[in-house]
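*Asks:* Whenever a hint applies, use it, and build me the whole structure from the sequences.
Chains A and V supply the protein sequences, listed in that same order. Each number in our numbering corresponds to the 1-based position in the first sequence with 79 added. Each number in our numbering corresponds to the 1-based position in the second sequence with 217 added.
Check before you lean on any hint, since a few could be wrong.
What the hints assert, rightly or not - Partial list, computed: chain V residues near chain A (C-beta under 10 Å):
no.: 1; residue: Tyr-370
no.: 2; residue: Glu-376
no.: 3; residue: His-387
no.: 4; residue: Pro-405
no.: 5; residue: Ser-437
no.: 6; residue: Leu-460
no.: 7; residue: Met-467
no.: 8; residue: Val-471
no.: 9; residue: Pro-473
no.: 10; residue: Lys-484
no.: 11; residue: Leu-750
no.: 12; residue: Pro-797
FYI, nobody ran anything at the bench for these hints, they're computed from the structure. Cβ coordinates follow ideal geometry from the N, Cα and C atoms, glycine included.
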Amino acid sequence: MGGLQKKKFERGSATNYITRNRARKKLQLSLPDFRRLCILKGIYPHEPKHKKKVNKGSTAPRTFYLLKDIRFLLHEPIVGKFREYKIFVRKLKKAYGKTEWSAVERLRENKPTYKLDHIIKERYPTFIDALRDIDDALCMCFLFSTFARTGKCHVQTIQLCRRLTVEWMNYVIASRSLRKVFLSIKGIYYQAEVMGQLITWVVPYQFSHDHPVDVDYRVMATFTELYTTLLGFVSFRLYSSLNLVYPPKLDSNGESEPKEESEDDYAMNSESYLEKLSALSASLARVVSSADEEEAQLDQFPSEGEDMEKMEAREKELKQQEAQKKLFEGLKFYLNREVPRESLAFVIRCFGGQVSWDKSVCIGSTYDVTDETITHQIIDRPSVGKQYINRYYIQPQWLYDCVNAKILLPVEDYFLGVTLPPHLSPFVEEKEGDYVPPEKLKMMALQRGEKPGNEQEEDEEEEEEEGEQEEEEEQEEDDNGDEEDDEEEVAEEKNLKKMEEQRSQGKSLHVKVTPGKLKVENKARLEQEEKAEEKRLAIMMMKKKEKYLYDKIMFGKKRKVREVRTLPLR
Amino acid sequence: LDIRNTVGNIPMEWYKDFPHIGYNLDGKKIYKPIRNKDELDDFLDKMENPEYWRTVHDKQTGSDVVLSDDQVELVNRLQRGQFGDVNFNECEPMVEFFSSDVMIHPVTNRPADKRSFIPSLTEKEKVSKLVHAIKMGWIKPRRVEDDGRGRYYNLWASEDSSILARHKMHLPAPKIPLPGHHESYNPPPEYLFTDEERALWEQQDPADRKLPFVPRKYSSLRQVPAFSQFIHERFERCLDLYLCPRQRKMRVNVNPEDLIPQLPKPKDLQPFPTTRSLVYRGHSGLVRSISVSPSGQWLASGSDDGSVRFWEVCSSRCMKTVQVGGAVKSVAWNPNPSVCLLAVALDSVVLILSPSLADKQVILSSERLLSAQQEGEEPAEGNGSVVWSEAEGEELNQGLRLKIQHPKAVHQVVWHAKGDYLASVMPDNTSHLQVYIHQLSRRRSQNPFSRNKGLVQCISFHPIRPYFFVATQRSIRIYNLVKQEMTKKLQTNSKWISSMAVHPGGDHVICGSYDCKLSWFDLDLSTKPYKMLRHHKKAVRGVAYHRLYPLFASASDDGSVIVCHGTVYNDLLQNPLIVPVKVLRGHVMTHDLGVLDVTFHPTQPWVFSSGADATICLFT
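*Replies:* Here it is in structure tokens:
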């Protein structure tokens, strides 16, 4: 036979992938630069289907990138900037070595910088794409904004993160888009619905961090670089969608004017503006001062049957949402100094409440403790000295629980010094067969408008359900092992055995004829048993592969059922 | 200036060895003063001379000089850091020569330098260097300070379709799962860890843990501390984002019910044994082997207690007990209905019993068969190791007729379908003398194999054709007895075969193994198992086919007998249909052993099983 011999690894999947090291060499970048490039451009490794083929017969663990991706990186202008920066560093070192200070100064002034705008545009071609991916950006910026301004990263980065997070919070307040809040042991989770996208972010509690040593801050800093750019552009767009001025300005003719006189006590002039913004107590200035937004009314479309039902459900949901947005409207809160001010102020303002605090805590307080119109005072200490009669003294959890329940919960459980009811996660949506904590059932009852008096019924229902479950479980057990016999049969067997033994030992029997008992056959049960046995026999005939899969599925199901059963027993 | 000595400013020790110390202006030598002052003189001088303190030694001339008052005063002033001249005023007002006032006359009358009129050369060099650097692009004009960061605009003002095309393949990173009730700072009490769970959590490897943190309960928000792993978690997320390969995984939602194969209902496959109807008690040791007479009326069982018992099947009555004096390994009823004989294997002997549980005719014919070759008896050539002997005396009364003495312990004994030949197994790894085939009528024994092919586990005759099945540890060999060659070798894919049964049609073989498997071979199809059945949880001890009904059964150490329906079609294209129909339990586990042997009734759909609990059960 003629023809050229085909060489191995010159076609097929081996040519579609490239190892990390070869990619790095192709781009002529150092490993940290390559890493940064991958982070900024969103390039991640790929797992080939046939690793050995791609790895040219070797089974050594390697990271593979798609060759297409790397080719795409070749055209990236940022790569040139990286090289420029490398040269800059080299020149600077040289100038330092020669003690040419004027050269050092000149080089410093011309330090190469780069912009990430085009990368953002490329990675997120539409605004919705960007919004969908903003979760991580928010988490990271909130984390970086809590860093101390020494060490770990540049001060400018921290300041920028702080500025962006404050802008974001102000936007959420202005658009009233916060939906859920959750106090976890890690931090406070918030969920907002912005332009139809659910956006969740977590804010750590206000403590100084002890920085772990096994974390590469360069990686985090690169991500933050990207995220700050992304968040900035998203904020701009969001602000402009609400006709708000960007960068945000405080509304000068707002109804709740922060006191001006004590401004100088807090910060320098340059910083005080951001501080005032971050106080979250004042509303923002608008480009077009429109007094009220007209509510978007859902148009009625003529529809039938299921569509109708769906429409109604949607309408109902919308109404509920509207009600939630105005949850704290008309309430006046005062925060004691021991509660987390920023989080509470954010939540209260998101739902239309008025909030203030002691003027020594933070800038931007609007009224004093002595204000008679205060309805709730948030407090997190066992007792308080002077109490005003016409306001509730409430622990902070009440606010968060109200937000999650979408109604104002009864305040009695959250009074000063009272043991708090459990705080549940609003993110858990129980499916059928899942365990629902009793507190949640109670809350659902409240939402439906029932009084807490008729809980009893609920409990009974629940018990019934549990009973059913147990029965089912029993059957399951029947399926598994069929040692189960009716007790009567066992007794009879024993009797017979005894008789036989006696006979074999040659003893005379007490022969007695007892009237026979009619055995009642439970037909339904018999049928069920037969079915179960059939199934068991069929399972025996399964193929090995299918049996494995089946066992796995059944194991998972059983574990779930078991968990549901054991949880309330604790 | 001192000109009394003209030697100049030289070290005076150069004149140390001379009588003079230099020369005066006239060139005459200056002689050293004649000095004979020693330390004592010096001291006396110091004590007595009032001028001593102002006397100074002059090195130049070598003479002592007494200072005058003026000179002493000068020295004192200099020592105090004052000017030597008493009249000098150091605080005189300054006269400003170089002031802003332009004077008519120059302060100095020096003419200006030439270099102040011509351009500087060094400056020119420097400038030309800079110019060159600018020309070459080495030096750039100072950049206008613009803070690129923090300046935002409407990035998505215009949609770019070219990017969208590339973006289609983009996989957005999955979001972080949302927190559950466990993570609350004040969770419901049932979500907190119990002590055991906590201990388990601490023991587990961080990768195996179900929750990456321990749920905690705080009575108020004030007491919640910082989460120490916060930065860590964010960092891990970052790593996931840029290091993890992403793949679209289609999650198939399998309904487990769909995985169960659709089999014909056992109800439709009746008859098969379903209930335990009789228990045969009487043995005191484990019952190793059972066998049913061809008529189906009698059951023989051999036990470790050294006895062979004969039972009437229908009444479970023990008709006869024969003490053979040794643990019985195997019993086999002669399949020929016209004779009534039982072969029993124990130790190294195979006994032929005539239980006389039949018509007189049958008993007579069997006696005739045994005595047929009595007169022409001669020891078989070359098989001196096997000795045939007649039973005598008491043994004869018990029904013992023949003893076939083997060189090694016999494990199994089987009859040929015709009832004249029987084969015995002596498992031994090292020799080729593992199987003997005995002919009863001629009292002859022969070893069919000349070579050792592995440890023989069990053997069987083909029910119709002259084939012989030998199961070694892992495979089954089929020999053609007429042509005296191996025709097939079946690979069982199991570790250690325990038992084997041949379908009455002769085209199918089942074989059980100690690794819980039962393999069904279709001899026309392949030498690999047509089906592997893993029904049992423990070692399979015995397998059996029914002679008439499409049934087979397997007995196992887990105490169960599983009866399966196995229809075999004459059509070669249709594969056998195998359906398990019933799991029978009736034996008690004893010493980790369950059911040891299983056999079917020859005519009825009944199955017998013997167990380690010294009983035999009949399932009908």
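*Asks:* State for each hint whether it applies.
*Replies:* Hints versus structure:
no. : hint    : verdict
1   : Tyr-370 : 7 Å, holds
2   : Glu-376 : 7 Å, holds
3   : His-387 : 8 Å, holds
4   : Pro-405 : 4 Å, holds
5   : Ser-437 : 6 Å, holds
6   : Leu-460 : 7 Å, holds
7   : Met-467 : 15 Å, violated
8   : Val-471 : 7 Å, holds
9   : Pro-473 : 5 Å, holds
10  : Lys-484 : 8 Å, holds
11  : Leu-750 : 8 Å, holds
12  : Pro-797 : 5 Å, holds
Hint compliance for this structure: hint 7 alone is broken.
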